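Colleague: Please build the complete structure, drawing on both the sequences and the hints.
Number of protein chains: 4
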Amino acid sequence: MINVALFGLGRIGQMHGENLHAHKRFKLKYTFDINKNLSRQISKKFNSIPIENPIVAFQDKNIDIIFIASSTPTHINLINEATKYKKVVFCEKPLDLDIKKVNICKKRIKKFNPKIQLGFNRRYDPGHNSIKKDLKKGIIGTLEKIIITSRDPAPPPINYLKVSGGIFKDMMIHDFDLVRFYLQNDEVESIYSIGSNISDKRFNKIKDYELASCVLESKKGVQCIITNSRHCSFGYDQRVELFGSKGMLISGNKNENESQTFTKKNTSQKKPLLNFFIDRYEDAYRLQLDELASYTLKRKHPVSSFEDGRRALIIANAALESLKKKRQIKIKF
Amino acid sequence: MINVALFGLGRIGQMHGENLHAHKRFKLKYTFDINKNLSRQISKKFNSIPIENPIVAFQDKNIDIIFIASSTPTHINLINEATKYKKVVFCEKPLDLDIKKVNICKKRIKKFNPKIQLGFNRRYDPGHNSIKKDLKKGIIGTLEKIIITSRDPAPPPINYLKVSGGIFKDMMIHDFDLVRFYLQNDEVESIYSIGSNISDKRFNKIKDYELASCVLESKKGVQCIITNSRHCSFGYDQRVELFGSKGMLISGNKNENESQTFTKKNTSQKKPLLNFFIDRYEDAYRLQLDELASYTLKRKHPVSSFEDGRRALIIANAALESLKKKRQIKIKF
Amino acid sequence: MINVALFGLGRIGQMHGENLHAHKRFKLKYTFDINKNLSRQISKKFNSIPIENPIVAFQDKNIDIIFIASSTPTHINLINEATKYKKVVFCEKPLDLDIKKVNICKKRIKKFNPKIQLGFNRRYDPGHNSIKKDLKKGIIGTLEKIIITSRDPAPPPINYLKVSGGIFKDMMIHDFDLVRFYLQNDEVESIYSIGSNISDKRFNKIKDYELASCVLESKKGVQCIITNSRHCSFGYDQRVELFGSKGMLISGNKNENESQTFTKKNTSQKKPLLNFFIDRYEDAYRLQLDELASYTLKRKHPVSSFEDGRRALIIANAALESLKKKRQIKIKF
Amino acid sequence: MINVALFGLGRIGQMHGENLHAHKRFKLKYTFDINKNLSRQISKKFNSIPIENPIVAFQDKNIDIIFIASSTPTHINLINEATKYKKVVFCEKPLDLDIKKVNICKKRIKKFNPKIQLGFNRRYDPGHNSIKKDLKKGIIGTLEKIIITSRDPAPPPINYLKVSGGIFKDMMIHDFDLVRFYLQNDEVESIYSIGSNISDKRFNKIKDYELASCVLESKKGVQCIITNSRHCSFGYDQRVELFGSKGMLISGNKNENESQTFTKKNTSQKKPLLNFFIDRYEDAYRLQLDELASYTLKRKHPVSSFEDGRRALIIANAALESLKKKRQIKIKF
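Protein chains in written order, with my numbering: chain A, -1 to 331; chain B, -1 to 331; chain C, -1 to 331; chain D, -1 to 331.
Think of the hints as simulated: they come from the structure by calculation, not from any bench.
Keep in mind that the hints are not guaranteed to be accurate.
No copy is singled out in the list; a pair is fine if it fits within one copy or between any two copies.
[What the hints assert, rightly or not] Cross-link-like lysine to any residue pairs, in silico, SDA-like; alpha carbons within 20 Å at most:
#1 K252 with S128
#2 K218 with D198
#3 K199 with V161
#4 K135 with T261
#5 K262 with P154
#6 K82 with P71
#7 K104 with K330
#8 K131 with N264
#9 K42 with A20
Small disclaimer: the values here were computed from a predicted structure and weren't measured.
Modeller: Okay, here's the thing in C-alpha cells:
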C-alpha cells in the first residue's frame, strides 16, 4: 500500500479523499485542513488520522505521497517542504497565481530531483486520451488545428471569483495545458485573447470575464482556438477537436444517459450534459490516481508535471497581457 | 426524348408529372384523368395534350411509355392494353388488390415479353441503396436480420382507407418488397403477423389496423421484422437495419435540416423528420425516373419488376391470413 | 451495516462481491462456493469469512441478506432455505429452468411473506429507467410498441450453452422481463417466436439458436418485438425503443468513450460499444445494490420480484412452444 | 416571367444558368461569356441568346435582371452599367478585391437607388437560416458567441489562387458575412487573425495561407471565431455554432446519405460529407433565386446587399492587416 497524507478538505479535497479511500493501492493515512472540526469529521469517514500540523506527515517515514488539494496560495510552500522530505507530490492546479514564486520554487527544489504530479485532470479523461492516441497513430496525418470548447454550467460564488486569479489562470489554464498535451514535439509560441461580459455584469466589478476566447499558434504553425464561458445552460460543455491533414478527431460531451426523445416538435433529443467536473471527469479522476500509483512506484515521468503547471501559468499570464495590449504576445518559457 | 403518356392525375400522379416534365430525357406528351377538368388544367402546366380516351396514347406509335398512376383497380387493364401495344409500362404499387387478377394478367402478357417497371420507390432511395451496396460488398458478412420501421405521419382519409385493401396491401407492401430487395439469392419463406388499434378506434369499424408487426423468415434463415404504424407524431419514420455476421448497416431518417438545439432541458435536439413520402423520397422518385429512362432504352431487367409486385402482394395476403389464423403461414409464389 | 452472505463466486458472483465490498451500506460477511480453494482465495480479497456449509450463514442471526449468484439449479433450494430463516433474498436470474419447481417454491414460501429481489439488472439501468420515467410522465402519450434489441458480443462456451436452457430461458428472459417492466397496468397476452442458425452451426447440434426473434402482444394491444443474437461484431448491442401516440423514446447503446473520427472514407465514426454486461450495466449493478439496501430496510415491494422471475420464465416457455408449433401461444400466468 | 441576362459561364455561372433555366419564374434570355465558343455552346442548353456585347442586354427593355457571375475584376463595371440602365443586379461575391473601387462605385450608383442582391449563398441555407430564426425567437437568450468552421475539400488550382485575393477575401469573406448575418442590431468592431501553412507549402510561394483563424468582437461583446482550411479530407466541412445565455444552436454538416455502418473497429460511421458547395448548398442556391424573384418583384431590401458585400470586404482587409501587424485591428465601415 502507498501511504498518503491529504492536505485540504474542501470540495475537491473531499472528492480526492473518497477516491483515495476507495482505491486499492492507496492508504489514506493522514488528513489535514485548517478547519479542525471539518478535519476531524472527514477523517472518520476515511478512517484516517486528522493531523493539526503538516509536519507530522512530512516527518513520518512511511508517508509516500503528499497530496495537495488545499487553497492555491498554500501550494508552493507545501511543495517546498514535501520535496525536502523526499516525498512524492500530487498538487492540484494551479501551482500558484504568481509565476515568480513558481520560478523560485522550481530552482529551489531542483536539487531534490522531485517527483511531482500536477492535477491537470483532463489529461486522464478516456475521451481526450483516446484522440491523443489516435493522433499519435497518424490517423489524421499532421496536426493542424486544436479547437477546445470549455463552458462551466454556472459561475462559482463571487467571493471565490475575487481571489481566483481570473478566467485565464483559474479556468482556461486547463485548456492551455490541454493544447500543450496535444502538441507533439512542438510548443505554444504566441497568443491573442479577448474577454467580455454580456449576461452577468458582476464580472465587470471584479475586473474579470465571463466569456473569453484565445487563438494560440505553435512553433510548427498549429492554430489553437480556445473558447470559455463561465455559464452554460445545458451543462458542462467539454469538447476537443483535432484537425489534421488526413482527418479530424473529436472528443465529445457526455450526457446523463443515452436516451433520446422524439416528439412533435423535436427529434433525437438527448438529456442535458453531465453537470460538472466531478461527474464529467469521474473516470479521469480515478485514472489520475492509477497514474499516481504507477508514477510513485515505477514511472520516471508523470503524465502531467510541475513544468506543465508552470508553462500553463506562463500562457495564462500572456493571455491577460494580450487582452490588455490588444495584440499578439510571444510566449517565453 | 422518350415520349410518355401519364394516366392518373391525383396527388401521386401530379408528382410524377412534375418530375417527368422537369426530366431531361422525357417528353410528357399525353395526360389522362377521369376528371376531365382536372386533366385539362394540369395539362397546361406540363405542356401536354389532355386526352379523353386512353386509346389515343396506345395507338400513337411515338409513345414509348405508358405511365400508370391511376387508381389501383385500373392498373391491370391498363397493363394488359399497354403491353399489347408493345409499350414500356411504369405502374404504381400495388398491381391490384386481388392476386387472382394479377396471376391471370401475368399469363396473358407473357407472350409480349413486356417491359414493366413497378413503382416501389424505396428501392431507389440513396440511403436504402447505399446499405444494399455495402451489404453486397460484404461489409457486414453474411446477412442475418432485416429490421424495417415504417410509420406514416398521419392516416389517410377514412374513405381512402375503406378501399385501400388494408394496412398490409396498402402500406406494408412497400416493406415486404424492401425485405425481398435485401435478400440475396434467397426468398421469403414464412410470415407471422399481428395488428391492433389503440389510439384511433375508427380502424376497428373498417376492420383494418393502425398498428401492425410481422416476422418473416427466409429460406436461408434470415429473420425479418417489419413494424408499421399509420400515425407518427414526429414525422415520416423510415428506417432499415441490416444485421450480419460481421456488422450492421442502418439507413436512417432524414430531418428537415441539420440544425441542433441545446437548452436547459434537452441537448442535441434535431428538427422533426421530413413529413411524408413526397419530401422523404424526393431523391428516390427522381432516381426512379432515371432508372426508367435507362430501362426503356437499354436495361433488360428493371430494378423493380411486375414479378416483384406480384410477390409482395402474395406476402401481404399471407400476412392477413396469419393474423386471422394466429399462426405462421408458409409463402408460395 | 447490512450483513450479506454471498453464494457463488463465478464471474457474476465475483462482480457482485466486488460491488458489495465497495458499497458503503453492505458488509460482505460470508462467501461460499463449491470450489473451496476459490472460496478461500476470493474471501481474502473481500475480507470475508469463507464458509464450507451454507447453514452457517442461515443460522447466523446477524446475516440480513442471502445473495444467490450460484449456478441456476441451486437457486430454488437456497431460496427455500433462506426464506425459512427469514432472510432477505437476492437471486440472480433465472429462478430455475423448470417452471414446476418455481411454482412449488412459490406456494411453499408464501407463508413466510418473504422479501426476494430478482437479478433483472436492466431494470436498474439509468437509460432504460429514464425512458420508463418519461413514459410515465406521458411524454409519448399512450404506449403502442416496445422494440428491444439485445445482442451479445460472442456466444458463451459450448459447455455452458448445453446446460443454459436455450436462448429464450438464458438470454431473452431479460427482454421478456423488460417488456413487462414497460407495460403499465397491462400484461403480456400472446407470443410468437422464431429461431435460426446461420453463421455458427454448433447451435444446431445442441438444438439451440444463435438468432431468435419474438413478437408479443399485450392485453391492451401493445405490440412488442424482441430480437436477439448470440454474437455481435461491434460489441454488446442493447437498445430499447418505446413508441406511443405522441412520440418515441429510445434508450441507446453506450460506447467506449465519446470520441469520433472523420477520415476520407467515413465520418462521425464512434468507438465500438462497451463490450459486455459487466461494463455496459456497471451503473445498473451498482444501483441494483442501492435498491437492495433500500428494499432490505424500508421498501415493501422490490423493483424486480420473485413473481417477475416466474412470469419471465413462463413467457420463455411459451416462446419455445411457439417455435415448435409455429403458431401464436396464449400466455397464462 | 422575369427576364435575365447572365454574364459569365464558368463553373459557378453554368450552375446559376441551370438553376435559372429550371426556375419557373425566370426566363434566361441572354448569356454572355468572353469565350464565344463556350457562350454559343451553353446557350443551346439553356435555350438562350448568346450575345457578344453586354450592351445588347442593357439596352433591351424587357431584361429585368443582370446576373453577374463573371470574373471578379469585371463586377464593378457591370454593376455601374446595369444600375445606370435601371436593371436589378445579382452579383457573385466578392464585389471586388479593391475596397476603393467598391467605395467609388457605392457613391456613383447611389443616385439610381439600385436593387442589388449579393451572392452570399450561405444566408439562404435552410440549416443556417433555421438557427437564425431560432435565435430571433429567443430560444438561446442573448447571443454571446458565434463559431464558424469552414473547410474546403481541396484547394483550387494554383493559377486561381494567385489572383484570388488570398484566403480572407476569397474564402473567409463568406464567414465574415455570416458573422454579420447572425449579429442582431450589432456590428463587428475588431478582428485578430493568424495564417499558416503546414501540409501544402505551395501557399508560401504565393504568400497566401492554407490555414487561417480569426477572432472578431462585436460592439456588444459577442465573441466570433472563424476557422478556415483550404483542404479537408472528409469533405466540405461547414458548421455554425451560436452560443447564448440560455442555450446553443448548431447548424451541422450534410452527409451523402443517412446511412451508418457498424463494424468490429468502429460504430455509427457515416458517409463522407457532401463534397463541395454545389452539392452542399444546392438548396441555398435554389432559395437564393426564389429570393431574387421576390426581391425583383416586391421586396425592398435584399437578404444580402451591396453594403453587405462592401462590409465583408472591409473585414477581410482588416484580417490581412491584423495578420501582418500581429495585433487587433479596429473595423471602420
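Colleague: Does each hint hold? Answer for all of them.
Modeller: Each hint, compared with the structure:
1. Within a single copy, K252 and S128 get their C-alpha atoms as close as 14 Å, and across copies as close as 16 Å, so both meet the 20 Å cut-off.
2. Taking identical chains as interchangeable, the C-alpha atoms of K218 and D198 lie at most 20 Å apart only when they sit on different chains, with a minimum of 13 Å there against 38 Å within one chain.
3. Proximity of K199 and V161 under a CA criterion of 20 Å is satisfied intra-copy only: 18 Å inside one chain copy versus 47 Å between copies.
4. Taking identical chains as interchangeable, the C-alpha atoms of K135 and T261 lie at most 20 Å apart only when they sit on different chains, with a minimum of 13 Å there against 42 Å within one chain.
5. In the homo-oligomer, the alpha carbons of K262 and P154 lie at most 20 Å apart only across protomers (18 Å), although the nearest pairing inside one protomer, at 37 Å, exceeds that limit.
6. With identical chains, the CA atoms of K82 and P71 are at most 20 Å apart within one copy only, with a shortest distance of 19 Å there and 62 Å across copies.
7. Taking identical chains as interchangeable, the C-alpha atoms of K104 and K330 lie at most 20 Å apart only when both belong to the same chain, with a minimum of 16 Å there against 47 Å between chains.
8. Proximity of K131 and N264 under a CA criterion of 20 Å is satisfied inter-copy only: 15 Å between copies versus 36 Å inside one chain copy.
9. Taking the shortest alpha-carbon separations for K42 and A20, both the intra-copy value of 14 Å and the inter-copy value of 17 Å come in at or below 20 Å.
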